[in-house]
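4 protein chains.
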Amino acid sequence: MKKTKVGIVGLGRLGKEYARNLSFRIRSADLIAACSISEEELDFARTELEVPHLFKDYEEMLKLQELEAIFVISSTNKHAEHIVKALQAGLHVYSEKPLSSSIEECKMVEAVAAQYPKQLAVVGFVRRFDPSYRYAKQKIEEGAIGKPYLVRSQTIDKDTVAAWQIQYVKSSGGIFHDYNVHDIDLARWFLGAEVESVWSLGGAYKYPAFEEAGDADHVMSTCRFENGTMAVLNAGRTAMVGHDTYTEVVGTLGTLRIGRPAAVNRVEVYDQHGARQECVETFWDRFEEAFLRIAEDFLTCIQEGRQPELTLSDARQATLVAEACTRSFQKGELIKVKELA
Amino acid sequence: MKKTKVGIVGLGRLGKEYARNLSFRIRSADLIAACSISEEELDFARTELEVPHLFKDYEEMLKLQELEAIFVISSTNKHAEHIVKALQAGLHVYSEKPLSSSIEECKMVEAVAAQYPKQLAVVGFVRRFDPSYRYAKQKIEEGAIGKPYLVRSQTIDKDTVAAWQIQYVKSSGGIFHDYNVHDIDLARWFLGAEVESVWSLGGAYKYPAFEEAGDADHVMSTCRFENGTMAVLNAGRTAMVGHDTYTEVVGTLGTLRIGRPAAVNRVEVYDQHGARQECVETFWDRFEEAFLRIAEDFLTCIQEGRQPELTLSDARQATLVAEACTRSFQKGELIKVKELA
Amino acid sequence: MKKTKVGIVGLGRLGKEYARNLSFRIRSADLIAACSISEEELDFARTELEVPHLFKDYEEMLKLQELEAIFVISSTNKHAEHIVKALQAGLHVYSEKPLSSSIEECKMVEAVAAQYPKQLAVVGFVRRFDPSYRYAKQKIEEGAIGKPYLVRSQTIDKDTVAAWQIQYVKSSGGIFHDYNVHDIDLARWFLGAEVESVWSLGGAYKYPAFEEAGDADHVMSTCRFENGTMAVLNAGRTAMVGHDTYTEVVGTLGTLRIGRPAAVNRVEVYDQHGARQECVETFWDRFEEAFLRIAEDFLTCIQEGRQPELTLSDARQATLVAEACTRSFQKGELIKVKELA
Amino acid sequence: MKKTKVGIVGLGRLGKEYARNLSFRIRSADLIAACSISEEELDFARTELEVPHLFKDYEEMLKLQELEAIFVISSTNKHAEHIVKALQAGLHVYSEKPLSSSIEECKMVEAVAAQYPKQLAVVGFVRRFDPSYRYAKQKIEEGAIGKPYLVRSQTIDKDTVAAWQIQYVKSSGGIFHDYNVHDIDLARWFLGAEVESVWSLGGAYKYPAFEEAGDADHVMSTCRFENGTMAVLNAGRTAMVGHDTYTEVVGTLGTLRIGRPAAVNRVEVYDQHGARQECVETFWDRFEEAFLRIAEDFLTCIQEGRQPELTLSDARQATLVAEACTRSFQKGELIKVKELA
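If you read the protein sequences in the order shown, they are chains A, B, C and D. First residue of the first sequence? That's 625 in my numbering, and the numbers climb one at a time after it. First residue of the second sequence? That's 625 in my numbering, and the numbers climb one at a time after it. First residue of the third sequence? That's 625 in my numbering, and the numbers climb one at a time after it. First residue of the fourth sequence? That's 625 in my numbering, and the numbers climb one at a time after it.
Don't take each hint at face value.
Pairs count within a copy or across copies, as identical chains cannot be separated in the list.
[Stated by the list, open to error] Calculated cross-link-like contacts (lysine-lysine; reagent style DSSO-like; alpha-carbon spacing at most 30 Å):
hint	residue 1	residue 2
1	Lys626	Lys640
2	Lys640	Lys627
3	Lys761	Lys830
4	Lys830	Lys771
5	Lys627	Lys771
No lab work stands behind these hints, which were simulated from the structure alone.
Just need the whole structure built from these sequences, with the hints factored in.
Have a look at this one:
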C-alpha cells in the first residue's frame, strides 16, 4: 500500500493532534515534515513523533522534494497564505477551518486553486465526518424525515475555556467566524441551499470582557435560505455542562437530533444529583474520531484521484455567512448575504 | 367551604374539558350555568354535567343573579366581547387565550376592566401552571441557572391535526396568534422583559393549503428583548411524533429543558424500532393538569380576594408580539414591536 | 350522582392522604367517619376535612348506621382484624397492603369474606393503577411484546428514609412483606402465573442496624413461576437518587420498562453535574395518582355492583411469596412456595 | 518503535476483525503469520492484509523463528490446545474467551503456563477494555458509588442472530459459557470477590429448537459472592431492539449503569414511532473499540515486560461459575461453586 508523504505546518494544541493522527493512526500517511516557529513544538515532533524533517521556515519545508501534501493547522490568519504557497509548490493541501475571515481572501485562494486543478485544496469542516452526523445525512438522503426545512445547530464551549478565549478573541475573527462556521456549513449541507439573509443578536451575558473586545459570549443567528428553508445557529462560551454542541434537522416526516447531550460515554450515574450523564469537556473529546476520518478521507482522495466532498467554495460560503452574521450583530439589522458576496 | 358559582360560555372540545373540571374536579367551583348556541353542547351540559341553568343567549346568562364568575371558552373572535359583557355584569372573568388578535381590542378590554378594579379579569396562559414549568420557574428564581438570557420555545401539533386546522386557519388569527402566544408569554415570564423587535420566517413546507390561506405549517420567530436577552420561537402543524411542545431556558450557570420529548407516560419500549418513548397526541394530553390548576387558581384568587399572576396586560403583550411576528412574516422584515403598540 | 358513605381507620401519613382524596378529590365518596387513637389525627379530620363523625374506638365507628364502606389504613398488624370486623358489620372494605404477613391470617380473612359474598373486600396494590403500569399492561394484552417471560421489579426508598425505617422495621413484617409485596403482585400480574420457588439473598450493606433487627437494607429475590417464566425482585432502603422504583417486562417480541428514572417531572437540568433529571423523594410522589385511582375504582365497583380486579386471593399470594422470600433469606436456601401454602 | 511480530490462528468472523486490527490499527504489532484450515480465510489474509506467512497447520506456524506472540481466535474447543502449544513454543499468547468450558482443561492450561512464567498468557474479556466500562471502574475506585454490592449484567443478542445460533449451540458450550462468561467476569471485577453459589433458570421461550439442543434462549443466574455481595446475570438470544448488553453496578452511595440502551450512535429520531434511538446490531458494533484496546494492551504488556490485568485464573473462575450455572439450570438446584472447583 502506497503512503502519501505529508508535511504539517502548525503544531499547537490541535496541530499536535493532527500530527499524532498522521503519524500513528492513518495507515496511508507518512508524516515526513513539520514546520513551526516554536522550539517546543518542533521538539514534540522530533521526540514524540520522530518526524525526520523539521523546519522553522514554511517556504523551506515546501522545497522538500518528496512532499506530496500539506496540512495547514497554523493560526487562522495564516491559513490563506499557507494554502496558496502549498498550491504554488505543487502540493495538495488540507487546511483547518476557517479558510479566512476575509471574503476577498477566500476568493483569492479559490482563484489560485483554479490554476492547479489537479491538486486538491480543502478546508476541514470536521463535523461532516463525525459518524453520527454522517448517519443523519444518510438517513435524510434515504428520505427518513422527508424534506428537511429547518436546522438548529449550536457550538457552545464549556465555561472553563472562557478565560483562555478572552485573550484570544481579538485574533480569532470573532465568535461567528470561529464557532458558527461549523453550524453554517452543516445547515448548508443538510438543507442543500445557500443563505439569503441573516439576523444575529447576542451579548456578553456572563463575561463583560467579550463585549469590551467587540465580541460576545452567546450569539444567535437566524438564517433564511434561498429555497425558503431556515436555520437558527447559536454559539456560546459559557456552558457549565461541557462542550454542548449539537444539531437538529426538522423535515416534513420527522426530526433528527444529533449529539445532545454530548455524553462523555455510555455511563449513567444515579446519585444525589439525579439520574445523569456527564458531558465531554472539549470539541476534541467530542469530535476526535471525526478529525481522524476527515484526514483519512483527504488522503484517500489523493490516492484515488478523487475530488473531496468539501470544496473551497464551501469554505467561502461559510465565511460569507459568518461575515453577514458579524455585521448583523454589529449593526442590529437584517443583512442580505448577497450584498457582501 | 364556600363554592364560587360559575357560568361557562362555549362548550366546544376545550369548553367541555373546562366544564368537566369545573363540575367534577374543582371543589371550590359550582358550575350553575352554561351557554352555547349548539343544541348538542347544551345537551352535554344537561345530561353529562347536570348544569341547572342553560342558555342560548349569553346576555341572558349574565342576568342570572347567583353568578359570580364566567369562563369564556367561546371562539377566539368572541373573547373580547364576552369578557367585556361579563365585567359589565359585575362578574369575575377568566378567558381562554388569546384575548384578541387585535391590539386595539386588547386595549379596549383593558380600559373596561380598569373600571371594575374589584373584579378579576385574566387570560389563561395555561403553561405557566404546568407542574414542570412551575418547577423550572422556581428553580430559576432560586438562582439555579444564574441569569436567564435565552429562551427557546415551540408549540408544534401532531401532523394528524393538520387536516382539521386547514379549515379553521382563517378564523384562528393565524399561527402566531394561535400557537406562539403561549411561547411569547413563556419567554416574557422567564426573561422578565418585553420584546423589542422580531423577525419571523417560515412556510407551508408540507401542506400548501396553509400558504393559500395566508398562513404556514412551520414558522420561526427570533425576538430581541429590551434588556438585551433573546428568544427563538417555533410553531408548527406537522410533527409526526406527537404534540411536540417544549421550552428551554439558558442562563449563565445552566440550562433547563422542559418537556422534551413529550412522552405520553413513564413507559419505554424496546423493540424493532429502537429504544423509544411514545409521545402525547394533543396539547390536552400534555397540559391536562395545567388546565385544572389554572382554573383552580383563578377560583382561589376570587375567594381570597387576591390578584392572579396573569393580567390582561400579559395578554395584550402576547398579542402585540404575535402581531409583530405576523407582520414580519408577511413583509419579510425586521419589526420593532413599539411601532405596533 | 349517588355518593358512597365511607369511613376510614388510621390517619397516619398515608391515612391522611387517603382521607384527603376521599374528602376532596373523589366525587363518588362522602367521608363521614374517621377513627384513630391519636388526638392529633382526629384533629386533622375535624378541622382540615370537616369529617362529621370521629371515633377513638373502631367498633363504635362500625355501628354508624349510614356507613357503607371502610378504608383500612391502620398499622399493618391491624389490617386483618379491621377487615374482618368491617365485613361482619355488613360493610365493603378496602385495605392498604399487605393483608397480613401471616399466611394463616390471610386464609382466615378469606374465609370470613366468603361468608359475605355481596360485600367487596380488596387489598390495594396501587401500582396496578398507576397510568404507566396500566398502559404497559394494556400494550402487553395487545401483544406488543409477544409472550412475557421475565419481570424485573424493584422497590427502593431514598436513603433519607432509612433512619426512620430502622425504628419501624421490627413491626413492618420485614423488607419482603413491606416492600416486595408490590413487586410480587406486579410479577404475577404481568406473567399470569403463580410463583413456584424462590431464592432470596441480601444484606445490610450500608446500615448494620437493619441486620441487627434481623432485616436488610437491600435484598434480591429470584422467582421461578409455575409456567416456567421468571422474575427478579429487588428491595432497598438506601438509594441516593430518590425513590428508585421501576419494573421491566421482557417478552418474546420486545421489552417494556416502566418508571426509570423516577423523574420528578419533565424538567431536565444541564449544569456542572451533567445532563440530568431529578427524581422523586417518596413513593407518594411517584404514585400519588395511583392512590387516587385505586380508591375511585373501589367506589365505582361498589356503585356498579362489580367485582374489583384485585381480590383477597391476590393479597394472600403476595404474602405467601413474601414469606417464602423471608425464609429463603434467613436460611440461605431455595424455597418451594407450596411448602408454605 | 519496536513492533512485536505476531501470528494469528483462526480467521472466522471475529478472527478477521482481530487480524485487521493487528494489520492496520495497532502500531506496535506486525502481523507476519496467519493459520487457518479454510482456503477462503487464507485468501483474505493474503490479499486483503498481505500477511507474508500463511499456514494450514498450526504447529508449522509455531516453528516460524521470528514469531513472538500468538492470537488464538480459533473455535472454542481448540483454545486450550492452541494456548498450550504456543506456550511450549516459547511464545506469548492471547486467546479469545472462553479458555475452555472444561474446568479440568482450564487447570491444565494454568499448570502449563506456570512453567513459562516469562511468557504472557491471557484470555480476552474485552468488556473490561470498553471505554465506558473502564470509566465506571475508575469512578468506583475513586469512591463515587461507595461500596459496590450488587451487579446486574446481561448479554443479549439481537433476534436475527438466533437462526444462525441454533446450528452452532451444541459446539458452543451452551449459553452460560458462551454468553455469561463476560458478565461473570464483570461481576467479579466490580465486586472484587468470588462467587459462592448460583441459581440459574430460564427456557426456550421463543425458539423451542434451543431446548431440543439442551440449551435456552433466555437464562437468568443469581449469584451470591463470598463477601456477601450479589449479582444477577441474564443471557438471551431474542432481543428485537439489537444487541442489548449492559451492566449496572449498585453501591452504597450511588449506581452506575453502563451501556443501556446500546444506541448505535448519537442520533435521536423523532417520528411516528416516538422519540427513539436505534441500537447496535451485534457485539462487534458495540465493542469494536474494546477489541482494539485489549489487543493493544496485550502488546504493550509484552513490550514493557508487564503482567496484564487479566490472568488465566480469571478465565478459570469465569468457566467455573459458568459451569455452576449450567448445572444449576439443568438440575433446578442451588449450586455451590466450590463443589465444582
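Those earlier numbered hints the structure runs against, lowest number first: 5
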